[in-house]
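Spelled out from the first residue to the last, the chains are:
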Amino acid sequence: MTAEDFRQDFPIFQGNDYVYFDNAATSQRPLQVIDAVSDFYKRSNANPLRGLYDWSVDATDRYEHARKVVASFIGAASETEIVFTRNTTESMNLVAYSYGMANLRAGDEVVITVMEHHSNILPWQSVCNKTGAKLVFMEPDEEGYISREEYESKITERTRIVSVGHVSNVMGVTNPVKEIAALAHKVGAVMVVDGAQAAPHMKVDVRDIDADFYAFSGHKLMGPMGIGVLYGKEKLLDKMDPFLTGGEMIEYVTRDSATWAELPHKFEAGTVNAADAVGLEEAIHYFEKVGFDFIREREIALTSRIMEGMKANGHVKLYGPEDPADHCGIVTFVIDGVHPHDTASILNEDHICIRAGHHCAQPLMQFIGAGSTARASVYFYNTEEEVERFLKSLDGVRKVMGYGY
Amino acid sequence: MTAEDFRQDFPIFQGNDYVYFDNAATSQRPLQVIDAVSDFYKRSNANPLRGLYDWSVDATDRYEHARKVVASFIGAASETEIVFTRNTTESMNLVAYSYGMANLRAGDEVVITVMEHHSNILPWQSVCNKTGAKLVFMEPDEEGYISREEYESKITERTRIVSVGHVSNVMGVTNPVKEIAALAHKVGAVMVVDGAQAAPHMKVDVRDIDADFYAFSGHKLMGPMGIGVLYGKEKLLDKMDPFLTGGEMIEYVTRDSATWAELPHKFEAGTVNAADAVGLEEAIHYFEKVGFDFIREREIALTSRIMEGMKANGHVKLYGPEDPADHCGIVTFVIDGVHPHDTASILNEDHICIRAGHHCAQPLMQFIGAGSTARASVYFYNTEEEVERFLKSLDGVRKVMGYGY
Amino acid sequence: MDIKQLYREIVNEHNLNPEHKGKMEDPTIVLRGVNPSCGDDITLSLKVSDKGIIEDAMFEGSGCAISQASVDIMAGQIVGMTKEEALKMASTFMGMIKGEVTDEEEIESLDEAAALRDVAHMPARVKCAVLGWHTMEKMLNGDND
Amino acid sequence: MDIKQLYREIVNEHNLNPEHKGKMEDPTIVLRGVNPSCGDDITLSLKVSDKGIIEDAMFEGSGCAISQASVDIMAGQIVGMTKEEALKMASTFMGMIKGEVTDEEEIESLDEAAALRDVAHMPARVKCAVLGWHTMEKMLNGDND
Ligand SMILES: Cc1ncc(COP(=O)(O)O)c(C=O)c1O
Ligand SMILES: Cc1ncc(COP(=O)(O)O)c(C=O)c1O
Chain A
1 MTAEDFRQDF
11 PIFQGNDYVY
21 FDNAATSQRP
31 LQVIDAVSDF
41 YKRSNANPLR
51 GLYDWSVDAT
61 DRYEHARKVV
71 ASFIGAASET
81 EIVFTRNTTE
91 SMNLVAYSYG
101 MANLRAGDEV
111 VITVMEHHSN
121 ILPWQSVCNK
131 TGAKLVFMEP
141 DEEGYISREE
151 YESKITERTR
161 IVSVGHVSNV
171 MGVTNPVKEI
181 AALAHKVGAV
191 MVVDGAQAAP
201 HMKVDVRDID
211 ADFYAFSGHK
221 LMGPMGIGVL
231 YGKEKLLDKM
241 DPFLTGGEMI
251 EYVTRDSATW
261 AELPHKFEAG
271 TVNAADAVGL
281 EEAIHYFEKV
291 GFDFIREREI
301 ALTSRIMEGM
311 KANGHVKLYG
321 PEDPADHCGI
331 VTFVIDGVHP
341 HDTASILNED
351 HICIRAGHHC
361 AQPLMQFIGA
371 GSTARASVYF
381 YNTEEEVERF
391 LKSLDGVRKV
401 MGYGY
Chain B
1 MTAEDFRQDF
11 PIFQGNDYVY
21 FDNAATSQRP
31 LQVIDAVSDF
41 YKRSNANPLR
51 GLYDWSVDAT
61 DRYEHARKVV
71 ASFIGAASET
81 EIVFTRNTTE
91 SMNLVAYSYG
101 MANLRAGDEV
111 VITVMEHHSN
121 ILPWQSVCNK
131 TGAKLVFMEP
141 DEEGYISREE
151 YESKITERTR
161 IVSVGHVSNV
171 MGVTNPVKEI
181 AALAHKVGAV
191 MVVDGAQAAP
201 HMKVDVRDID
211 ADFYAFSGHK
221 LMGPMGIGVL
231 YGKEKLLDKM
241 DPFLTGGEMI
251 EYVTRDSATW
261 AELPHKFEAG
271 TVNAADAVGL
281 EEAIHYFEKV
291 GFDFIREREI
301 ALTSRIMEGM
311 KANGHVKLYG
321 PEDPADHCGI
331 VTFVIDGVHP
341 HDTASILNED
351 HICIRAGHHC
361 AQPLMQFIGA
371 GSTARASVYF
381 YNTEEEVERF
391 LKSLDGVRKV
401 MGYGY
Chain C
1 MDIKQLYREI
11 VNEHNLNPEH
21 KGKMEDPTIV
31 LRGVNPSCGD
41 DITLSLKVSD
51 KGIIEDAMFE
61 GSGCAISQAS
71 VDIMAGQIVG
81 MTKEEALKMA
91 STFMGMIKGE
101 VTDEEEIESL
111 DEAAALRDVA
121 HMPARVKCAV
131 LGWHTMEKML
141 NGDND
Chain D
1 MDIKQLYREI
11 VNEHNLNPEH
21 KGKMEDPTIV
31 LRGVNPSCGD
41 DITLSLKVSD
51 KGIIEDAMFE
61 GSGCAISQAS
71 VDIMAGQIVG
81 MTKEEALKMA
91 STFMGMIKGE
101 VTDEEEIESL
111 DEAAALRDVA
121 HMPARVKCAV
131 LGWHTMEKML
141 NGDND
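Residue numbers (the numbering used here), protein chains in the order written: chain A, 1 to 405; chain B, 1 to 405; chain C, 1 to 145; chain D, 1 to 145.
Since the hints were derived computationally from the structure, they do not count as laboratory data. Just so you know, not all the hints are guaranteed correct.
What the hints assert, rightly or not - The calculated label-pair distances, taken between Cβ atoms and stated as ranges, are:
1. D:Ser49 - A:Met101: 51 to 59 Å
2. B:Phe292 - D:Glu112: 47 to 55 Å
3. D:Arg8 - A:Thr2: 36 to 44 Å
4. C:Asp111 - B:Gly132: 52 to 60 Å
5. A:Gly369 - D:Asn17: 19 to 27 Å
6. B:His285 - D:Asp50: 56 to 64 Å
7. A:Lys289 - B:Gln366: 50 to 58 Å
8. B:Ser304 - A:Met101: 50 to 58 Å
9. D:Lys23 - A:Gly396: 28 to 36 Å
10. A:Gln8 - C:Ser109: 50 to 58 Å
Values in this document were obtained by computation on a predicted structure and should not be read as measured data. Just so you know, even glycine gets a beta-carbon here, dropped at the ideal spot from N, CA and C.
Here chain A stands alone, though its shape is the one from the complex:
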């Protein structure tokens, strides 16, 4: 199978000439996933988990089967460790409030990196504010790598929680989460991993990493928009209070008090989004059909050519590692003298979709001294021809902006 073959599965690519290079924001969905969601509504639609009739039993089975598939996809020990959320953001809020609020005291430290997405900063800011804990930032080198010295110096006896993005959505680098987790555990802290940018690109094994919590979003790996995942070690989830409360997550309720349902239901309040969970399962099947090796190979090929073309341009400043293999398909850049928003608008005129702005990572923007950057991010279904069109359009930007060359 080639990228062209896979592209046929994506309705959005048919009958138009748009080049979609904003895959780090959200991926596209193959027909298989779109149809799985529809099929749920057409065949099994009922409120899962409570009904005693066939449709509800079927809805429950499909929902819980999706959970099993997610568990094995990331190497969880059991599906009871998989909580369905709406997205990575909700997963991170759940950990910050249900675990962080209960376990942080004044003087404790939460260690993150300055590269984090806002979803892995703001919940901690808020919890630190409320508990008096301190938020500590690890900083990367020029290329975006966090050195061993850096994490060894920031993770200390005061550290209670370490929360790190597995892959940065701006630099593209993969952080050494396994090594950081080992150190975190050594000092008695828990390790939280924001896997939003990693799960779509590499084999994630939560037990190999020894992550205590691992979060990702369905929509970034070809699933529907309404489903995300929080993996948590059973022994931690067990002791945590629920985050949202309401239907489906209780055992007994009286006027004054309540007891909670067993894991993972304790953390899934209200009617669940079974249709999108079923869509996510289908996305994982699709993903496994494509295969990690193919995905990685394609990303490296396309990224290499993009970086090569940008260097040849002569007016492009590139961010992140020198090595294209360390970019996870993400290339962040700025054209000299051109605001990234103007770059994006001009590329859009040529039907090329890239992102420009702060990428929900303002502290990183402040750290690298860029108000805003442009970002092209590719996925396995992108092609060499698309890359050439992108580079050609990019080469024309400074002319459009009135520069002589």
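Following the hints, position chains B, C and D with the ligands against chain A.
Below, chains B, C and D with the ligands without anything else, positioned relative to chain A:
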């Protein structure tokens, strides 16, 4: 148009003989809604709100258009008062934490009814526990009505928040939320309405009710499973802190602090579920095509016949109002000597889907002295023939259970 | 067999005229077992001899017909068994109901309880059928929490 | 006109060689205007006479070409106007960019600023184009928060 005509729009009803009477748990979705979600993924899929390219602009437009349609559907003054959530449960948690936590002090009172769904109980229990406020329960009469004396005696100068289900998912009664809101405002409290069971059945006008907050779920009015709504008056939302934090809901973020985006984005953290919002818009269009009058007329006709048949059975205890017009399509019952779960299993054998259990309303079950009840709930697409099949099956239950008659 | 038949032929007899429902005098172990989602709520009493023989089994409480019938059948069958035999039987029974045990011989070893095998096709009712057995398992394992 | 043409014919001139960019001595009113999502960040200075005539307008700061060009064009056009005239113009301009004002005559009254009309077809850039105008509106309305 007849119920039969509308049924043709629902794929799940085609080619099988199931009678779906669990509409209060979740409704079915017409093809128009299923296709709207698919169409979003096939044509406009991109991460909304941040992209400068055509697809993202289109995704944003469709998402924000859905918000406008929701606003006008419930009579909101402006679409900035409409926050998209996952479901009613998340909406209620948002109000309880973002408004309740900030505004309740020890000694204050939160007044709800004993008929509430767990989603409108547990968040308040939790917030009351944390703030020292007291949770006060209004109680209905035999038929499920809350009397004027009841709410006038429970809502006092100590009341800060009144939170009432617009329609009870067990009794089917419509609570006098407009009158209660007036009284709440008189004592300086805010009025929260859980509209999960009302929005699918009646014209809701949040300004006529003068609700400060109004919550409902898309999946109960033919929309997708991943989308819910919280209406809030602008002047209240404005002053509230966000609930979830992360991407898309910020203005500036530094390492230590953050400022929030304008309404309603402040309350929508992370990648939004634009596809399901678009599905909800389509559901509202479909709903308006069917029309409130038709829906109500059908529900009354079917409910009347169900109640009549149950009375004729002689062994059925009915809950809720005497008047079938006051049931919103919901008929809760118990067959003498038969556990509701057995009733549901036996009906399922005849391909009739009803719910049995506590209906996420355990305090009400305790109040009416039933451990568990059965519930049949109809919607406009149900038919007289289905009701007859249901009644016939019901009449056979006690025989199956070994009673002579 | 279909579910109506199951009720007619097996469940009703034990639900309407349970042989082992009632209060036991001087039980050796007592444990409450509950299915929160259904409202099934039973209390099982066992009399176990010093030699580990179950000499009597009784239950009280309420619940759906399947949970009541299942615990009544169980109580009838375990009397006279050793702890180990009863535990083995519980594990076979729960395996059968969850669809994990399908070997005919093994299922037949359950005797009357084997008649409940069709509950395996009613996933929503599995919890009802195993409540009594699960409670007994906890009791005999000394897991009285 | 397409967007590339818009940049070439209108935006670039003002972006690369702004006439009104720089520090003003003794301004009457100064206000910072910001688009958080874009990073556009300008500070507008106005000199308004006792009679309410705008005698000078200058801006500092950075941002995308559209925001820079738009504020430069604006500054050029409002000098000499009364407060009321400038406010009226701002409202026409913002109406045009949001696609609410389409009357040709009204749009022509904007003079050079009318050239930015095609930004109306770039919804994602509307905020950039109106930043300077919105800031001026606030200043002249005394809404200096
Ligand atoms: C009255 C009422 N409130 C709240 C809810 C919760 O809705 P959801 O599960 O969609 O959050 C329901 C439905 O289950 C309900 O009937
Ligand atoms: C690294 C990282 N973390 C978290 C998120 C947030 O994901 P979501 O918006 O799906 O919650 C994203 C994507 O925007 C991301 O790239």
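Cross-check of the supplied hints:
1. In this structure the hint that Ser49 of chain D and Met101 of chain A lie 51 to 59 Å apart at CB holds, the actual value being about 58 Å.
2. The hinted range of 47 to 55 Å is satisfied by Phe292 of chain B and Glu112 of chain D, whose Cβ atoms lie roughly 53 Å apart.
3. The hinted window of 36 to 44 Å between Arg8 of chain D and Thr2 of chain A holds, with their beta carbons roughly 39 Å apart.
4. Take Asp111 of chain C and Gly132 of chain B: their Cβ atoms lie about 58 Å apart, and the range 52 to 60 Å holds.
5. As the Cβ distance of Gly369 of chain A to Asn17 of chain D is approximately 26 Å, the hint placing it in 19 to 27 Å holds.
6. At about 57 Å, the beta-carbon gap between His285 of chain B and Asp50 of chain D stays in the expected band of 56 to 64 Å.
7. A C-beta distance of roughly 51 Å is found between Lys289 of chain A and Gln366 of chain B, which places it inside the suggested range of 50 to 58 Å.
8. In this structure, Ser304 of chain B and Met101 of chain A meet the distance hint of 50 to 58 Å, their C-beta atoms being roughly 51 Å apart.
9. Taking the beta carbon of each, Lys23 of chain D and Gly396 of chain A are about 35 Å apart, inside 28 to 36 Å as hinted.
10. Remark: the range hint 50 to 58 Å for Gln8 of chain A to Ser109 of chain C is upheld by a beta-carbon distance near 55 Å.
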